[in-house]
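Peer 1: Chain by chain, the residues:
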Amino acid sequence: MAKITLDNLAHSYLPNPQSEDDYALKELNHDWVDGEAYALLGASGCGKSTLLNIISGLLHPSQGRILFNDRDVTSEPTAARNIAQVFQFPVVYDTMTVRDNLAFPLRNRGADASYIQDRVQHIAKMIGMEGELNHKARGLTADAKQKISLGRGMVREDVNALLFDEPLTVIDPHMKWELRTQLKSLHHEFGHTMIYVTHDQTEALTFADKVVVMYDGRVVQIGTPQELFETPAHTFVGYFIGSPGMNVLAATVDGSTAYIEGTEVDLGAGYSVPDGKVEIGVRPEFASLSSNGTGLPIKIRRVEDVGRHKIVRADFFENEINVIAGEGAEIGADMNRVTFEAAHINVYANDWRVEPMGTQASPAGEAA
Amino acid sequence: MEKTVNQKAWFLVLPVLLLVAFSAVIPLMTVVNYSVQDTFGNNQFYWAGLEWFKELLESERLHNALGRQIAFSMIILAIEVPLGIFVALNMPKKGFWASVCLVLMALPLLIPWNVVGTIWQIFGRVDIGLLGYTLDALGIAYNYTQDSFAAWATVVVMDVWHWTSLVALLAYAGLQSIPDAYYQAAKIDQASRWKVFRYIELPKMQGVLLIAILLRFMDSFMIYTEPFVVTGGGPGNATTFLSIDLVKMALGQFDLGPAAAFSLMYFLVILLISWVFYTVMTNLDKRDGV
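These protein sequence lines map, in sequence, to chains A and B.
Oh and the first sequence: position 237 is 237 in UniProt numbering, straight run, nothing missing.
Oh and the second sequence: position 196 is 196 in UniProt numbering, straight run, nothing missing.
Bound conformation, chain B alone (with noise of 0.2 Å):
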């Protein structure tokens, strides 16, 4: 059968085109407009080049919260996705316990970021706080307005408190998915319980924990209301992550140019290192092996 060409077709994908320009490619072109563009004020704006580009990736400032902002990402990676792996093996298979760990799993998952900030920014006061009280009582330095271990160690032990579970809830639903057959030919087989893992859960999880992988990484590389509610980027700097940088520059400082500067190039690094972890993760298994 002969296909009926119509060009005028094309007038079809106009209000999704229309509705994209609206709400993205126009505000998106704005903030590049800003990058390339400096002012002083009354509205007036000087062509400004690639300079605020030049000098963002000059600055120290930049370079500190960018090197933040990775150690954080990767230590919070490595501490959540073994540890929902190993929740997700241990939680029961079925019936009534199955359902109360679901629940409780998915309880931390619906506070909202700054309620959780909020919780730990009183849970780790010394002087009014459970754990702040509870560890000044048992003799252990920590203050975390004060010591930037102490910082890192509260934001840190509070993402995982937030974000574990979604790792668990995926490696789980990953584990479900596998037909008992595999483990009764394991047993057959007579593999160790290391080998199931290896060569039967591992494999079957792959796909979930990439999702896991990659959501946990670009929501903790953008993270910001809850370092900024417990400590606000201190002491000094040792807690501000990008977004609180960001944030800083473009509403504190009202540095718009520098700002804009900044989001593009945040939006690049998230965007390569999605990239990368998605390349490496889906050709993982294609490396070993003909």
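Only chain A is shown next, with the shape it has when bound in the complex (with noise of 0.2 Å):
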């Protein structure tokens, strides 16, 4: 187990990246706390697969060092790392049994027979294929499979970090859940390190302690489920997290009010905002249709009715506007303005979020 530190890490697939567009994985200094459990979330090709595996030493980065409890292992190879890791489609040893699959990592380095019985056991009961370890791994289903990856992901005890890259994609919803929550639970058992990577918000959600935004290769926020939701840093989040995602609008600020194609919006808090491309952004859960003449004027679309709640979909001008009504809500043909909780709102300059004037940065808030 180790804290994991990057420092001044970048990496570019091409052998003379120019400019900072060259780069996969665009600079990134940050910590991996030893013994939490992160979730890497972002778009697909958005470099989370290329930081996984400059961590795991399968590339080697083009700038920069990784320690491992400030110890340099950037030239070190995977094996010398001591990292487990799974990758998003099944990898076993067709000619091995179950069992010879699971026992492997343990082989190689050498533990004796004792131990890899009692702990292939062990995962075996984890992952639910106690009764199949004497099958050979070439005949099983996909999702077995996957289940003997993860189980050769933890069979080591003494690994410094446990890496999973999209893990879960080929396994069925019930299995998944049951899955994620085994590996929550090997997780409190352990306490490895655990970065898991994946695109499903949910997932990420569900799984980590701490969820680490990336976009375009580059990290935009790290924080807890509920930091994310809130007060996503950068407008990427906003969009990625949250279903459907944050409302943004583009607006002129001034002070603690915004405008918005000509109507007045309280912002609740002072603002001095930079040059350039200006934005607010609203949660559709923090928004709310009205019918007294107050708010943005809109036009409604569409309600979509999911269950817990209703979807409005309404025009603004040229843009959309989701509302997150309650389930009992009545949604008149009077509804024709969309009111803002001024708590909730959040500035973007150039994507990025704006402090309002007398707070303190929080720690989670800024990233990159």
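Treat the hints with care, since some could be wrong.
As the list claims (entries may be wrong) - Straight-line alpha carbon distances no greater than 27 Å define the calculated DSS-like cross-link-like pairs of lysine-lysine that follow:
1. K26/A - K210/A
2. K26/A - K3/A
3. K204/B - K93/B
4. K210/A - K184/A
5. K187/B - K94/B
6. K187/B - K3/A
7. K210/A - K176/A
8. K26/A - K187/B
9. K195/B - K93/B
10. K125/A - K184/A
11. K187/B - K184/A
12. K125/A - K187/B
Hints were generated in silico from the structure; no laboratory data involved.
The structure presented is a predicted model; accordingly, all values stated were derived computationally and were not measured.
Hints are included, so try docking the two chains, each in its own frame, into the full complex.
Peer 2: In structure tokens form, the structure reads like this:
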């Protein structure tokens, strides 16, 4: 188990990167605290897997250093780092039995037979494959194979970190839930540092203590699920987390008032906004419809009843505004305005969140 | 839905039956016909029953040729398969040099058999051949026309030169189909190079290696042109393999009856050994384990 430090790390797949755009992973400084469970969340192709492969040593970074417990391991091979990693698609050793597959990493480290026996039994129970231990891995279904991959990742107790690269993609939904719970309990039991890559926000939010959101090769925010929800540090986080994502509207901001297409909106706090593209962001949960003539003029296009609540899709000039209304809420034909809760409006300049004046920058809100 | 039954549909397979009969069944039956008859010329044939088969089964000449043939096939398989795999493992995976390697490897496969024979026939000559001359100059006694060991060595090395590429290319194709994730997982699991080969590469190559071994077995078991051009089956009968012997019998001595019986047994032996190879290799991993 180890604290993992990324120092000035960046990676480009090109031999001679010229501009920042050439980097798949842009310069990054971060400490992965020993024993925490992180989820690495982002759209496909944003650099999540690159970062994971650099930590495990499968990729050598173009620049920067990786430290395990303050020891530089940048040039050490994967085997020397003693890391477990589970990949998106199942990798099993076809000719071996399930038992041999699970025992493989331990045997390679020269563990003694009785320990291997116990450990394999324990892991087999965890992944629910005790009955199939003597089967060949070859004929198994994709999700059984992936369970073996997960098991192989978890079989070593002394690993520095456990890395998961979208491991549950091929698993069916019911088993997904169960395995995720198993991973969490494993984390509680052994306190490994875990990094879990996913593009599924539910998976990220349920698994991790801290969620790291990546966008276009950059870490845009690291925070608890609540921080990501309430104060997204970047408009991407606002879009990506939440269903539907945050409403982002172009605005001009003057002190504690925003002007959106000519309508005044109270922000509840004063802002000094730098130059550039200014927007405000409000989650649909903090928007409500009204018919009393205050708020932004909208036209309701569609109401989706998703069971627990209703999602109202409305047009506001060229933009769409989403509003979440309670399950029992009446949505009348005269509702042609939308209002926002002032305390939950965020202001963005060039896509990055601007802190209201008179507050301390919260440590979790600042990243990159 | 009820299926329409129309027995006239059988007529649709008639053309292919005729074609196969004309090109394969009737010629084969001619051979069978020869194998059970004897002639003293004048196109007069007499029923001989299984005489030819009995005679051949007891013939020392055939036993010797078969022994040489099996030895030859086993030797070249024992060399070409591991060597081919070794070459494939060391070929670049992608880029310019991968293409260069592929082209170079394919070259020997494109050369006609008799040309390969001629190349080595000259290459090995002590007076004008580079190989023969060099060996002679180094003081190594080498003369494939007089020394049976030298003749065997030449024929074996020639076959390795000609056909190892085939095994290498097939093995290479098998290796290329292994996703990167397997190698990455092996690194994570801290597997040694040998274990990567044993548990990832070899199992993934199994299918193509089966094809490679069958092809090389069948081809080498029927080898004719190359040794015929280089040694003509000599010195003595040292490199007279089954095909060479068969041609001597059928065309040299014009013993059609024994040659026909020989052909049929030859065919059955190849079929039998190929079947054994196939069965053993496809059952290999079913045996060790449940």
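Peer 1: Given the hint that K26/A pairs with K3/A, test it: the Cα-Cα distance must not exceed 27 Å.
Peer 2: Distance ~21 Å between K26/A and K3/A Cα, so the pair holds.
Peer 1: Could you grab the alpha-carbon distance between K210/A and K176/A and see if it respects the 27 Å cut-off?
Peer 2: 20 Å, holds
Peer 1: What's the verdict on K26/A and K210/A, does the C-alpha distance respect the 27 Å limit or exceed it?
Peer 2: Holds, because 21 Å separates the two Cα atoms, which is no more than 27 Å.
Peer 1: Please verify whether K187/B and K94/B have alpha carbons no more than 27 Å apart.
Peer 2: Between K187/B and K94/B the Cα gap is close to 21 Å, so the pair holds against 27 Å.
Peer 1: Given the proposed pairing of K210/A with K184/A, does the C-alpha separation stay at or below 27 Å?
Peer 2: Given that 27 Å is the threshold and the Cα spacing comes to 13 Å, the pair holds.
Peer 1: With the threshold set at 27 Å, check whether the alpha-carbon distance from K204/B to K93/B stays at or below it.
Peer 2: Given that 27 Å is the threshold and the Cα spacing comes to 16 Å, the pair holds.
Peer 1: So if I understand the rule, the pair passes when the alpha-carbon distance is 27 Å or less; does K195/B with K93/B pass?
Peer 2: 20 Å, holds
Peer 1: Verify the proposed pairing of K125/A with K187/B, using a straight-line Cα cut of 27 Å.
Peer 2: 25 Å, holds
Peer 1: For a C-alpha distance cap of 27 Å, please report whether K187/B and K184/A respect it.
Peer 2: 25 Å, holds
Peer 1: Below or equal to 27 Å on CA atoms is what counts here, so check K26/A against K187/B.
Peer 2: OK: K26/A and K187/B at ~26 Å, within 27 Å.
Peer 1: Given the hinted pair K187/B and K3/A, is their alpha-carbon gap at most 27 Å?
Peer 2: 21 Å, holds
Peer 1: Is K125/A within 27 Å of K184/A, Cα to Cα?
Peer 2: 16 Å, holds
Of the numbered hints given earlier, the model fails none.
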